[in-house]
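Chains as they are written, first to last, in the working numbering: chain F, 1 to 298; chain Z, 1 to 368.
Heads up, none of these hints are tricks.
Just the calculated beta-carbon pair ranges, DEER-fashion: (1) F:L213 with Z:E76: 31 to 41 Å; (2) F:Y121 with Z:L189: 34 to 44 Å; (3) Z:P243 with F:P186: 30 to 40 Å; (4) F:G123 with Z:A242: 44 to 54 Å; (5) Z:P243 with F:R22: 51 to 61 Å.
So, partial list: chain F residues that the calculated Cβ filter (under 8 Å) puts toward chain Z: (6) A192; (7) D196; (8) G197; (9) A198; (10) G202; (11) I207.
Calculated directly from the structure, the hints in this document are not laboratory data.
Backbone N, C-alpha and C fix where the C-beta goes; we use that ideal spot for every residue, glycine too.
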Amino acid sequence: MSVAAMAVEPAGPKPGKLTAGRIGIYAFLVVSALFFLLPLAVMILTSMKPMDEIHNGNIFALPQHPTFDYWVKAWSSACTGRDCYGLSPGFFNSVKITVLAVPASIALAMINGYALCFWRYRGSEFLFTVLVFGAFVPYQVLVYPIIYALSRVGLFGTLPGIVIVHTIFGMPILTLIFRNFFASLPVELFKAARVDGAGFWGIFVRIMLPMSLPITVVAVILQVTGIWNDFLFGLVFAGHDNLPMTVQLNNIVRTSTGTVEYSTNMAATILTGLVPLVVYFVSGKWFVRGIAAGAVKG
Amino acid sequence: MPMGVTNSSVIVREVSLNFGAVEVLKSLNLDVRKGEFIVLLGPSGCGKSTLLNCIAGLLDVSGGQIFIEGRNVTWEEPKDRGIAMVFQSYALYPQMTVEGNLSFGLKNARLPRDEIDRRVKRASEILQIEPLLKRKPAALSGGQRQRVAIGRALVRDVDVFLFDEPLSNLDAKLRNELRVEIKRLHQRLANTMIYVTHDQIEAMTLADRIAVMRGGIIQQLDAPHAIYARPVNRFVAGFIGAPGMNFIDGTIGEAGGKPVFRAGDARIDLSRYSFEGRPEAGRKAVFGVRPEHVATGEAASAMPFSAEASVEIVEPMGSDTLAWTSLGGQNLSMRADSEKAPRPGDRIRIGFDPGRASIFDAGTDMRL
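Work the whole structure out from these sequences, hints included.
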């Protein structure tokens with residue numbers, strides 16, 4: 001009798017349980033989060049400390065006399081080699097490069113993916129394979145041939161030059177992403193539009209484009225972060241007047257006039273990383289999808 | 001234009017289609033009359049949808065010609081063929097309203113605004129989708145979506161309608177409703193309709209003629225009743241009719257100048273069966289009889305052939321009950337009235353008219 005009375009008849013919502021395993025998982029997550037946040041915290045703290053505090057204090061210590069002077073300096077007056085305009089020219093260069101290269105590469109890849117998915121022709125599968133293979137070619141191999149080709153047409157070291165380079169290198173992975181997205185749409189949609197008399201561009205603009213907003217968001221995130229974080233192409237192809245922020249940052253950090261000014265370096269680094277960081281915070285789950293889409297090659 | 005086919009709407013002449021080494025259609029011929037409702041019926045992979053796509057111009061043929069309303073359209077674009085098409089997945093443009101879906105093709109054809117409005121209005125009246133015109137497809141039920149898809153075909157004002165399994169995504173009840181509606185539509189518009197399905201009920205109820213396909217070849221093209229009553233081969237016989245036809249292996253023999261069919265200890269008099277050509281005695285053959293043609297009790301005794309049999313399994317299906325017995329040592333199913341259904345173990349009298357049966361060659365599977 002007593003056993004039967006004590007047993008709880010299962011009914012209604014299942015009661016939640018906080019097991020030892022759960023607690024362990026949460027503890028691990030909290031520790032991991034702290035571990036990965038630590039460098040960021042150190043950077044922010046250091047960027048607000050005067051030099052003597054850095055030399056004399058613990059790196060985890062809070063600033064005694066917090067100041068944003070180093071942020072201002074990093075932005076507008078830190079020296080990159082001989083020029084002392086701070087990061088701001090690099091920021092605007094990066095903005096120019098990104099604003100031009102992201103739409104160019106995405107528009108091209110979208111049309112590519114659409115054509116390769118719906119308008120199959122002799123050899124289109126082969127072309128696609130070659131294009132995807134391009135995603136695996138190490139960039140370094142192509143640097144010199146592209147320098148040569150661009151300088152032959154007078155675009156080496158120019159803004160259009162670096163935009164073209166980013167567009168070309170974005171092509172394999174972006175085409176793959178868009179083709180796979182279009183392949184997931186019902187092909188009957190395409191057939192219906194053809195019966196309705198829409199042509200190559202009609203179907204693309206009126207039917208496919210409005211449907212590809214989600215995948216375009218993914219592609220934009222992928223490209224913005226990729227192009228913003230790029231160092232190699234910017235250094236090699238952009239030319240002195242168009243050096244992106246990442247290259248400027250490198251120059252600031254490496255330009256030493258006596259002592260290393262850690263505060264300025266930290267502030268400059270955070271400023272450079274701010275754009276991808278903002279993209280991440282604003283777009284959350286889309287960002288993760290972008291990374292995942294980029295990771296699934298082939 | 002081919003000669004002597006002035007009342008033809010769609011002519012498929014020697015059309016073949018290969019995907020690499022795979023022959024999907026094998027020099028196929030089909031002549032659809034004006035205003036006719038043709039159903040292409042067959043199991044998946046038989047090439048029926050492929051044929052429809054070829055007629056629509058969505059697939060390029062590897063060989064042969066296609067004529068629509070007397071015009072050779074073999075190399076024409078889908079929009080120029082004078083066809084409209086309805087798809088299984090509805091294929092409505094998700095970002096457009098119902099009205100936008102209906103008028104998309106007309107806008108592409110640059111029709112004047114008032115003509116577009118007139119046609120959209122007429123189609124939505126016929127299909128009773130006027131209250132839905134401002135909605136997006138996502139806000140419609142499956143049946144409403146397929147109505148809109150049919151409407152999109154209707155506004156094109158063409159002679160030939162192509163349906164690619166239009167009801168397969170709907171539940172059974174809606175499927176029956178829309179089936180009747182499509183039939184009503186055909187009677188009202190009198191367009192030529194070519195309809196692909198794997199559902200034999202749809203085929204039997206809708207078609208003027210059914211083309212039963214297998215392996216890229218039309219096996220039989222005939223009126224539904226003819227296909228049901230006189231299938232040309234064992235495949236067609238087995239594919240049409242549910243529950244399926246019984247097949248009993250045996251041999252053709254002769255007794256007293258009359259042809260007979262022998263299977264085990266059973267001997268069926270075939271003098272009432274009309275042979276395509278009288279086979280010689282001793283030919284191995286398959287005797288096919290439909291479960292609904294097997295009678296029991298007194299009705300069985302009145303049949304030209306009857307025998308004693310015991311019931312092994314009973315499958316109640318509501319409207320009637322399928323009882324499994326045996327004849328000549330082989331399984332034989334029969335449809336019985338659910339109210340008077342036999343029970344397993346019962347000894348009953350079964351009988352049928354060999355004149356309504358089908359006999360096939362055991363080797364070639366062709367009708368004898």
